[in-house]
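Colleague: Sequence:
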Amino acid sequence: MSIFAGARKCDLKILAEELGETVNDSHKLKDLKKIILASKEYDEESAKEWMNTIINERKE
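Take 1 as the starting number for the sequence shown in my numbering and just add one per residue.
Keep in mind the hints are simulated off the structure, nothing from the lab.
Heads up, some of the hints might be wrong.
Listed next, the in silico DSSO-like pairs over lysine-lysine satisfying Cα-Cα at most 30 Å (straight line) [as the list claims (entries may be wrong)]: (1) Lys9 <-> Lys48; (2) Lys59 <-> Lys34; (3) Lys34 <-> Lys9; (4) Lys59 <-> Lys9; (5) Lys33 <-> Lys59; (6) Lys59 <-> Lys28; (7) Lys30 <-> Lys40; (8) Lys48 <-> Lys30; (9) Lys33 <-> Lys9; (10) Lys28 <-> Lys48; (11) Lys30 <-> Lys59.
Estimated spans, in silico, between C-beta atoms of each pair [stated by the list, open to error]: (12) Glu60 <-> Lys40: 25 to 33 Å; (13) Asn24 <-> Arg58: 15 to 23 Å; (14) Ala5 <-> Asp31: 16 to 24 Å; (15) Glu57 <-> Ser2: 18 to 26 Å; (16) Cys10 <-> Tyr42: 16 to 24 Å.
Where is the CB? At the ideal position from N, CA and C, for every residue including glycine.
With the sequences and hints as input, model every part of the structure.
Modeller: Structure below.
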């Protein structure tokens, strides 16, 4: 399963910022995914955990 499953644009924006990337509202979903995957700080396991946390916090 993709780490992006169930994620919204706002979730991807937060994750990208957590990875130290600069993002703005003009980025589209596909752009945010590319930014995250290309980040020097990207680690699949950590990113999955962060994404789950971000999504769960949004749903609360």
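Colleague: May I ask which of the numbered hints given earlier this structure violates, with the numbers listed in increasing order?
Modeller: The structure breaks none of the hints.
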